[in-house]
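A.B. asks: Using the hints, position chain B against chain A.
Protein chains: 2
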Amino acid sequence: MAEIMPHWLTKQADLAPEETAIELEDGTVYTFRELKEASQSFARKLKQLGVQKESNIGISSANHVDMVVAIHAVSYIGAVAVLLNTRLTRSELNFQLNDAGVSLVIGQTEFDPVDTYFRTFHDVWNSPESSADLKNEIDLADPFTIIYTSGTTGFPKGVIHTYGNHWWSAAGSMLNLGLKKTDKWLAALPLFHVSGLSILLRSVIYGIPVYLLEAYQKQAVHDAIMERDVTIASVVTVMLRDLVGCLGEMHYPATFRCMLLGGGPAPKTLLEQAKSRQIPVFQSYGLTETASQIVTLSPSNALEKLGSSGKPLFPAQLKIDKKEDGIGEIFVKGPMVTNAYYNNAEATEKSFSEGWLATGDLGYADAEGFLYVADRRKDLIISGGENIYPTEIEGVLSAMEAVDEAGVVGKDDEKWGQIPIAFVAVNDPSITRETILEFAAQHLAGYKLPKEIYFIDKLPRNASNKLMRSKLLNEYGK
Amino acid sequence: MAEIMPHWLTKQADLAPEETAIELEDGTVYTFRELKEASQSFARKLKQLGVQKESNIGISSANHVDMVVAIHAVSYIGAVAVLLNTRLTRSELNFQLNDAGVSLVIGQTEFDPVDTYFRTFHDVWNSPESSADLKNEIDLADPFTIIYTSGTTGFPKGVIHTYGNHWWSAAGSMLNLGLKKTDKWLAALPLFHVSGLSILLRSVIYGIPVYLLEAYQKQAVHDAIMERDVTIASVVTVMLRDLVGCLGEMHYPATFRCMLLGGGPAPKTLLEQAKSRQIPVFQSYGLTETASQIVTLSPSNALEKLGSSGKPLFPAQLKIDKKEDGIGEIFVKGPMVTNAYYNNAEATEKSFSEGWLATGDLGYADAEGFLYVADRRKDLIISGGENIYPTEIEGVLSAMEAVDEAGVVGKDDEKWGQIPIAFVAVNDPSITRETILEFAAQHLAGYKLPKEIYFIDKLPRNASNKLMRSKLLNEYGK
Chain A
87 MAEIMPHWLT
97 KQADLAPEET
107 AIELEDGTVY
117 TFRELKEASQ
127 SFARKLKQLG
137 VQKESNIGIS
147 SANHVDMVVA
157 IHAVSYIGAV
167 AVLLNTRLTR
177 SELNFQLNDA
187 GVSLVIGQTE
197 FDPVDTYFRT
207 FHDVWNSPES
217 SADLKNEIDL
227 ADPFTIIYTS
237 GTTGFPKGVI
247 HTYGNHWWSA
257 AGSMLNLGLK
267 KTDKWLAALP
277 LFHVSGLSIL
287 LRSVIYGIPV
297 YLLEAYQKQA
307 VHDAIMERDV
317 TIASVVTVML
327 RDLVGCLGEM
337 HYPATFRCML
347 LGGGPAPKTL
357 LEQAKSRQIP
367 VFQSYGLTET
377 ASQIVTLSPS
387 NALEKLGSSG
397 KPLFPAQLKI
407 DKKEDGIGEI
417 FVKGPMVTNA
427 YYNNAEATEK
437 SFSEGWLATG
447 DLGYADAEGF
457 LYVADRRKDL
467 IISGGENIYP
477 TEIEGVLSAM
487 EAVDEAGVVG
497 KDDEKWGQIP
507 IAFVAVNDPS
517 ITRETILEFA
527 AQHLAGYKLP
537 KEIYFIDKLP
547 RNASNKLMRS
557 KLLNEYGK
Chain B
87 MAEIMPHWLT
97 KQADLAPEET
107 AIELEDGTVY
117 TFRELKEASQ
127 SFARKLKQLG
137 VQKESNIGIS
147 SANHVDMVVA
157 IHAVSYIGAV
167 AVLLNTRLTR
177 SELNFQLNDA
187 GVSLVIGQTE
197 FDPVDTYFRT
207 FHDVWNSPES
217 SADLKNEIDL
227 ADPFTIIYTS
237 GTTGFPKGVI
247 HTYGNHWWSA
257 AGSMLNLGLK
267 KTDKWLAALP
277 LFHVSGLSIL
287 LRSVIYGIPV
297 YLLEAYQKQA
307 VHDAIMERDV
317 TIASVVTVML
327 RDLVGCLGEM
337 HYPATFRCML
347 LGGGPAPKTL
357 LEQAKSRQIP
367 VFQSYGLTET
377 ASQIVTLSPS
387 NALEKLGSSG
397 KPLFPAQLKI
407 DKKEDGIGEI
417 FVKGPMVTNA
427 YYNNAEATEK
437 SFSEGWLATG
447 DLGYADAEGF
457 LYVADRRKDL
467 IISGGENIYP
477 TEIEGVLSAM
487 EAVDEAGVVG
497 KDDEKWGQIP
507 IAFVAVNDPS
517 ITRETILEFA
527 AQHLAGYKLP
537 KEIYFIDKLP
547 RNASNKLMRS
557 KLLNEYGK
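Residue numbers (this note's numbering), protein chains in the order written: chain A, 87 to 564; chain B, 87 to 564.
Hints should not be assumed to be uniformly reliable.
All copies of an identical chain are treated as equivalent in the list; a pair is satisfied when it fits inside any one copy or across any two copies.
[Claimed, not checked] The calculated DMTMM-like cross-link candidates involving lysine to aspartate or glutamate, where the alpha carbons are at most 20 Å apart (straight line), are:
{"#": "1", "residue 1": "K557", "residue 2": "D499"}
{"#": "2", "residue 1": "K221", "residue 2": "E104"}
{"#": "3", "residue 1": "K267", "residue 2": "E105"}
{"#": "4", "residue 1": "K405", "residue 2": "E89"}
{"#": "5", "residue 1": "K391", "residue 2": "E104"}
{"#": "6", "residue 1": "K497", "residue 2": "E561"}
{"#": "7", "residue 1": "K405", "residue 2": "E435"}
{"#": "8", "residue 1": "K304", "residue 2": "D328"}
{"#": "9", "residue 1": "K266", "residue 2": "D315"}
{"#": "10", "residue 1": "K408", "residue 2": "E454"}
{"#": "11", "residue 1": "K391", "residue 2": "D100"}
{"#": "12", "residue 1": "K391", "residue 2": "E105"}
{"#": "13", "residue 1": "K267", "residue 2": "E390"}
{"#": "14", "residue 1": "K267", "residue 2": "E196"}
{"#": "15", "residue 1": "K497", "residue 2": "E104"}
No wet-lab data here; the hints were simulated from the structure.
The following block holds chain A by itself, in its conformation from the complex (with noise of 0.2 Å):
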């Protein structure tokens, strides 16, 4: 049974049309009425240059009120929006596009040139407006975006958001951290990431304010919840410590009700810095796959229950598949979760089972239902907040002809949390770490690079020749 609403901008600028929508660094400031206008003026623009209903669109932006504008438009329209990771190579934007079958491209800025059609926001701006009619309803099952997440095995995935995903997952965000009208939310991470883009659609659902910052700065974020009001801001680990740093002796006002902490496991060091200084972290855990968090600490439990990314939100079920100690494959339900991956029957149905989300991950649950996360995602590397896959590093780095094998895994790092490192197996002795570099740059995105480069005759596999990765960090990195 289908669900219809108004269409969320349309409907937030007719209950309250002069509230803030988006505040910007230098005190610019739209209202929800002024976005509604400027985004489906942007939509008629668009539908003039031939974006239709159901089209997938790329967006390739840093933070910027035009990629939000953007990406509403392409919500008018009934349009998909692909929302593009701005520091992927060539080769790796070319994957996506083909594989989402993105027929135009706009962005903030020139993009680096694909087999695409590419028009930046101003020469949208530019151009004349259809007179066609534009959506005002939403039906929660289409879809709404696609976002690139890589896996353990093969290429990227597109992961398809329909509306009823956001909606869902901002209801539950609201259930578990109640909704005030003088809130106030951050968004310093990139809006290309569902972390990022989920407090965009937040704001129109909610109708508060999104403090938008073109740059994660750590100044800026620190100045912003200090002086400008903000109430809630996301975070990754990098970031929160550091924000530590930029509080030193200080405190947040007492208005600062919660740092939401995603984006794969913080040190515990780290939060108990944290609670000291009475900041109040929320860890979560979430997935591309589940439209952001999807397992968050509750205000009553942040403080008891250290280290753990706390229960699933209301509308969501866990499971722990159990392993003999206790850590098990962590399963997710709920109606945030992605149905399906785009294109992809098969990565679809190997990751589905009625309903349920095999997330790859591993963790358990304690007594009274409080997840702790063990691993991410078997060999996920993250820094700096971004998710890396030593399967896809590996595959570069041995597609060159003097490579053999490759093996990546991420170190421990006091900045970005990891950072990947590679070992590799070569049939030519004359080759450098510079040309292997110079190499991996041309397909993969800088914080994919590998940081340090070790060479070695062969490496480690078990018996049925998989390689074994832990063994690989423990023998030969330091």
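C.D. replies: Then chain B, alone, in the frame of chain A:
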């Protein structure tokens, strides 16, 4: 696409086992864990008594914790709760029980004999438990409750509320009012009305306590707001008038943040009195069909739009089928609106068109989209928050041999808002008001009995022989 989520009460008992679910006037408290355990036990007993998935189970009770338990128990079985107004007569009840195919009625006290199997709550508690499994998930498309509502014509109709209707109602209210973990919602309205029932369901969805009054007593409501940390109260006009009286020159605590006013139009003088006493009145508009409020005046507009019912809640839409003077029939749409009347395709078809429900009520929207309800459903009489349909009373009176025809209208009343009064043309001059009332009392709940009866020769009718009720009141009533 089915939306599956955990059973609400089980989930809330997982998230906040020791938080208060229900608080009674005598100080007794039930936690979410206790309420879950009681409801699951009650469900197993009902199962042992033969209640099955999809059975329609009548519940006849004044507000009582056992009624709350019974409602949740029915949902643990996947059965449907038919909530019976305790003020109905035997014949009114029989109609609803037959119409809904109710096989078992459970209730607080011995039930007037009807052709249905009956068990008191006490009987159920004394039964053994079945060991059968209970539901641990909810499909939002499944029916949860049926509540009968009279219409402008014909017999009462059973409004089916799915879990989704109740969910969306709760979500819409939360988006309007916000949600604080310190909220406590006063339920003094009967739980057999959707206005009372919806408080219970918000409690398990939001994780906040209900302060449950077993019967409406103005002093008890006053005291609850003054002394028991109630933050939100649902009231009807007659209650608001009482409370303004109780308050006198005092003020409610600052933590009391919402007096949600439903159940028909409120006189402007009363709203002004409430305003001058700083009572945070939120006028609202809703029907049984909309699973409680669907249009509500939000905090920011409460004062400047006195007399308006506000704007449709976030998931809802409103349109007015305009007549020349701007006033027209009110249509509403949204996922909280029922999809169907029970077993009544004709009424369903007549009331719905492309997702829009024709309410039968009249109103207009101002330039900013605020709804002003001009008249509740044509000829509807609202007396102390109870809906009374003239046709129903006229049908009963006309059934007397001595009565040729009868017309019923609502007369303004200081205390109740309106009271029903009747005009009858009789063929037996010896018949008295007492005889008529005695007959009517066998068929009509007390609040529906005409408070005044006038004998007239002939009812005023228009050219198509339609009763002109407005003329009746103007010419004959005083």
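A.B. asks: All the hints need checking, so say for each whether the structure fits it.
C.D. replies: Hint check:
1. K557 with D499: Intra 19 Å, inter 85 Å, cutoff 20 Å: intra-copy only.
2. K221 with E104: Neither way: K221 and E104 sit 22 Å apart in one copy and 45 Å across, limit 20 Å.
3. K267 with E105: Close inside one copy (10 Å), not across copies (24 Å); limit 20 Å.
4. K405 with E89: Intra 28 Å, inter 18 Å, cutoff 20 Å: inter-copy only.
5. K391 with E104: Answer is between: at 16 Å across copies they meet the 20 Å cutoff, but 41 Å inside does not.
6. K497 with E561: within (13 Å within a copy, 91 Å between copies)
7. K405 with E435: For K405 and E435, only the intra-copy Cα distance (19 Å) is at most 20 Å; the inter-copy one is 43 Å.
8. K304 with D328: Only inside one copy: K304 and D328 sit 6 Å apart there, 56 Å across copies, limit 20 Å.
9. K266 with D315: both (13 Å within a copy, 19 Å between copies)
10. K408 with E454: For K408 and E454, only the intra-copy Cα distance (16 Å) is at most 20 Å; the inter-copy one is 57 Å.
11. K391 with D100: Result: close only across copies, 15 Å inter versus 42 Å intra.
12. K391 with E105: Between copies, since 18 Å is at most 20 Å while 37 Å is not.
13. K267 with E390: This pair counts as between: shortest inter-copy Cα distance 18 Å, intra-copy 29 Å.
14. K267 with E196: Classified as neither: same-chain Cα gap 39 Å, cross-chain 48 Å, threshold 20 Å.
15. K497 with E104: Classified as neither: same-chain Cα gap 49 Å, cross-chain 42 Å, threshold 20 Å.
Against the hints set out earlier in the document, violations occur for numbers 2, 14 and 15.
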